Amino acid sequence: MTDDPIKADWQDAHDFDPRDPLFGLSRHELSGPRLSRRATLRLMAAAGTLTAAHLMPGGLGRAIAQAKTGGTLTAGWAGVAEIVTLDPAQMGQVLQFQITSNVLSGLTHINAELIAEADIAEGWEVSEDGLSYTFKLREGLSFHNGDAFDAEDVLFTYNRSKDPAQSIHSGNLANVASVEKLNDFEVRFTLKAPQASFLTKTTERASGRALTIVSRGALESMGLAQYGLTPVGTGPFRITEHQLGQGVVMERFDGFYDPERPKLDKVVIKPIDGAEPLAAAIEAGDIQFIGGNPVAAQLIDRFKANPDLTVDIKPAPGFQSVWINPHRAPMKVESFDKPLDELKAEKGFKVRLAIAKALNRGLYVQQARFGYAIPAYGTINPAMGFYYDEGIAETSEQAYDGKGARALLAEAGYPGGAGFPPLELIVRPSERRDGLVIANILKQELGITVNVATQEFSVMIDNFLKMEFDLRLGGSGGDYDPDDGIVDWMMTGSKFNGRTRDKEKYPFGYFADPAADALIEQQSITPKPEDRRALVQEANQITSDKVASAFLYHPVDVLIHHKDVLFPAVSRIPGLTDLDRVSLA
Amino acid sequence: MTEIAPSAPIPAERGPRARLGTSLAKDRKAQAGLIVLALFGFAMVFAPWLAPHDPNEMSLDMMQGLSWSHPLGTDDLGRDLLSRILHGTQISLFVGIVTVAIALVIGVVLGVIAGYYGGWLDLVIMRYIDLQWAFPNFIIAVYLVAVFGAGLVNVIIAIALAFIDDFARVARSMTLSLRQEQFVLAARGLGVSDARIIWRHILPSAMAPIIVQATVSVSYAILGEATLSFLGLGVEATTPTWGLILAEGRGFISQAWWLGVFPGLAIMLVVLAINFVGDWLRDVLDVRESL
Amino acid sequence: MSTYLLRRLLGSVLVMWAVATLVFFMLRLVPGDPIAAMLADAGSEEAAAALRAKLGLDQPLIVQYFYWFGNVFQGDFGTSIYGSNQPVATIIAEALPRTLSLAALSFVIAIAIAIPAGILSATKRNSLTDNTVSLAAFLGLSMPDFWLAILLIIVFAANLQWLPAIGYVPLSEGFWPWLEHLILPAIATGTAFAAIIARMIRSSLLEVMKADYIRTAHAKGLSPGQVIWRHAMPNALIPVITVVGIAFALLISGAVVVENVFAIKGLGRVLIGSILNRDYPVVQGAVLVVSAFFVFSNLIVDLLYGVIDPRIGYS
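Protein chains in written order, with our numbering: chain A, 1 to 585; chain B, 586 to 876; chain C, 877 to 1191.
Hints were generated in silico from the structure; no laboratory data involved.
A few of these clues could be false.
To be verified - Only pairs whose alpha carbons sit at most 30 Å apart, straight line, appear in this in silico BS3-like list of lysine-lysine:
1) B:614 / C:1086
2) A:332 / A:466
3) A:136 / A:528
4) C:1086 / B:611
5) C:1000 / B:614
6) B:611 / C:1096
Given the structure is predicted, the values throughout are model-derived calculations rather than measurements.
Next comes chain A alone, as it looks inside the complex (with noise of 0.2 Å):
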């Protein structure tokens, strides 16, 4: 990251007078359909997003070479019987936002290095104090369904999300006082407190959700529920069919803003559940391209010795973890707001310590799940490029150490696990392999019995946020930004922090620490990314070294179509799959 380019780059995205509402840019640099690289950096340097990995070569907006046009793309939706809804205000998991990123827009949307780069809106200029932002929005484009676009919809979209009763997301706007219309291409936000990842979170397209936009008209004369399995937007391609269980037709939107996007002219997606009839449908060339959820690890190495597909790995912005219920017995924290070596004379404590100490996350990898994926020891993931602290496995007080850990259990009164109770992990169906390993290597290391109960999602995350458990698998997916993983999960008040708890009962959720929280807090508001950097690694190492969680593996996001499916790097997002610049050789 000291390369000489990256630096020039990043002095000549900073290079600007702040008070020039440009950026030092001129309006034609400024102006759409498509920003320059230097333009952007330079938006991302004034929104305080600019990071060193946004300069990382093979970035920004590279143009691809002109490919053939048309075609129909046949994809699998993997681990998924049916996609219940593609409405924003509904969607809870990736495989959705998957789609909704090929058909629906947003203010912003992130580009393969988890930049935010301009969607629907043009351009945006940031006050100084960093709490209004101005979107300019392209003008003349219409919805799918005929009707036009412009600054109402965002206002619409805006008041439907933050209302409870209609939207999932209405916590994420939290931070946004008001939006007003300057006029009919023009909005402006307001918010509470600066947000440094106002851009890449709450604006977003796909995983942001709360700002994607929707169509007043569809919404009204469809209904909610068709709205759910057709929604109408103005992306790349329009929904033609959606039958649940069956899959989505989406066609090419002629209307799109860049009249160069999408090369496809059809995209038939298919849920397939199950690790075999997937991989018998890429093999027999049913389907040429799989999206979902991760695809089975066991499936990877097959695929890759399969001359016909691709496969490309990379990070994805994720953690999992096995969550210690504080409040149980063996493993009892009364408070986390003291100082490390007071913790660690703790009884309970140890116990902690012990396990996330005990959890070899080399054989973890390799058994559960056969070598894909990265040890984690906190929620900072390393998609994330500039905030994940590479050194972390030697620093962290969790880094694998089978001697250590047994010493510790031994200091809690458990020599070689002997009285110690046996503990119950809860997990989902699909994860239940991954649970039993867990087990084993609790059993190996330290001589614990670790049952494994596997629950539906639903009753294992009510049990979860209730406080109701031993032990839990389970994490994060599509964190792009480091207030996914700190702000989502690591404070006092983050929403799965025991959010339906009894209170009386249980003072706190499965984690409070006062000093990681005032960090956690200010470097949501830091906007120099160094300064951002310094205190988001801060706060990771100290929930590590709480243990807030046993920190497991963060997991990583695979590709796989056939070969003559040509998917540009640029589409190359984490955990998305934007189908606008794919074609077909």
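Since the structure of chain A is provided, determine the placement of chains B and C on it from the hints.
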């Protein structure tokens, strides 16, 4: 799922034991069935000694083919498949036998009460039995497991409840016909208590169809447990069950066919053996299969 | 006849009501909160409360029950609460043709195998053919249907790649695409059914052939074929019909399992998926329709029985 209705009791010319012996000598299928069942019974009891490995011991030798150290290969976590199937015998057979025993006791009690006393008791019991009868046992078991949750005890309860109606119907129809028999009427006239009449006179005569029903039910219960486990609704003990082994291996069958073949083969062999024996018992005990 | 029919119909409706009511209350007494699942990814307490209120889940149970029942009488089964917001009626209407297609094809395949097999083994009693048929029937009855489904996928989809491994294509997209997706599931579902029917035909035919009138027919010099088709079969079919009723129920419960292996979103998959996700309105609707399936197939079999065997009176 099949109901066995009695034909009119035929006075036995020879004792039933003698008939069992002579007919077994002629029935090769029954012989094979009994031998297979004996083998599985042996495996059930001695699994810990017969199994070459700990069924839960994992290794990085994942999905290894058949070999001397792993006669049926290893699974996706490097566990020895033969050892897992042997240990699986314990739960699969246990569930089959225990569920049917429970269903038999409850069902026969209900059926005899309904048939013997008639009136509103019969009406209430039969309404319930008819309700359950309208649905296949497996569907009822799915409902019950879904309501109670998975787990060994819940699966046993669900399967047992699902089979009650079969036994109740058989017991009721037997009781109804036996109630009018001379020997029962005579005993009543002599003032013998109802409990004694049922225990001494009705139950022994009704036993043949109940035994046949029980035999058939064990095979359905084993299938039911395997299916529930396969669908993720079943037993989740540390000891593997056949349905679970199949469910776990399902995602790996094209790389390791043995994971898809052997556990299913075990289920099929046991069920087949029970069906052979059940058929023979039906012949010998002269129970007509009417449904 | 008409009062009998009316009584039976009323009884059938009562059974369905009882099942629906039982399931309504039982499902609500077990853990697992659909709202928690919906809001798992994002959302707040207020969002959860608002959704609960919107779906009426904050009302007392008994109020929810009457509310639901009132709506059912108006043909409104409610909407799915697990993400999709789809009307339950739509979900079921989409699933129904898939299950019906599967059941119909399994039925046809099974009957096409069972009738000749049953007749062959009855007419050539104790021959090699008879023994083979009998053994095959035993195997068919003993094989777990989901295992057979897996074996079929290994052989015909994964290795030979003759037929697709999963999925369903509606008949409107062509006969062959529809058929090709259903062949393997139909075999997996229909095998046990075929075994039962074949065995029943055999034993029933053997029984009938012992009867005096068959001997008379033989004595009159009718050919064996004529005897079987004109005289023996009609009577032999009577007990078979009752078995068809029971076996049809087996076929549907088999479809529930097999649909899950082949990822066909029919009634069975809807039922199991909705139970697992605690999607109450869908469970209710699916239970009602599945119940109707069994209850009315029993009814039809009873009536058919009367048509075929005039000796049975309705009173």
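Checklist entry - Has the given pair, residue 614 of chain B with residue 1086 of chain C, been kept, meaning a C-alpha gap of at most 30 Å? => result 25 Å, holds
Item to check | Given hint residue 614 of chain B paired with residue 1000 of chain C - CA-CA distance at most 30 Å | outcome: The given pair, whose Cα atoms are some 19 Å apart, holds under the 30 Å limit.
Checklist entry - Keeping to a limit of 30 Å between CA atoms, is the pair of residue 1086 of chain C and residue 611 of chain B held or broken? => result 23 Å, holds
Next on the checklist: Just to be careful, I want the Cα atoms of residue 136 of chain A and residue 528 of chain A compared with a cutoff of 30 Å; is the pair within it?
Outcome noted: 25 Å, holds
Checklist entry - Is the hinted pair residue 332 of chain A and residue 466 of chain A satisfied, with a Cα-Cα distance of at most 30 Å? => result 16 Å, holds
Next on the checklist: Would the hint linking residue 611 of chain B and residue 1096 of chain C be met if the CA-CA limit is 30 Å?
Outcome noted: Not satisfied, since the Cα-Cα distance of roughly 36 Å exceeds 30 Å.
The structure shown violates just one earlier hint, number 6.
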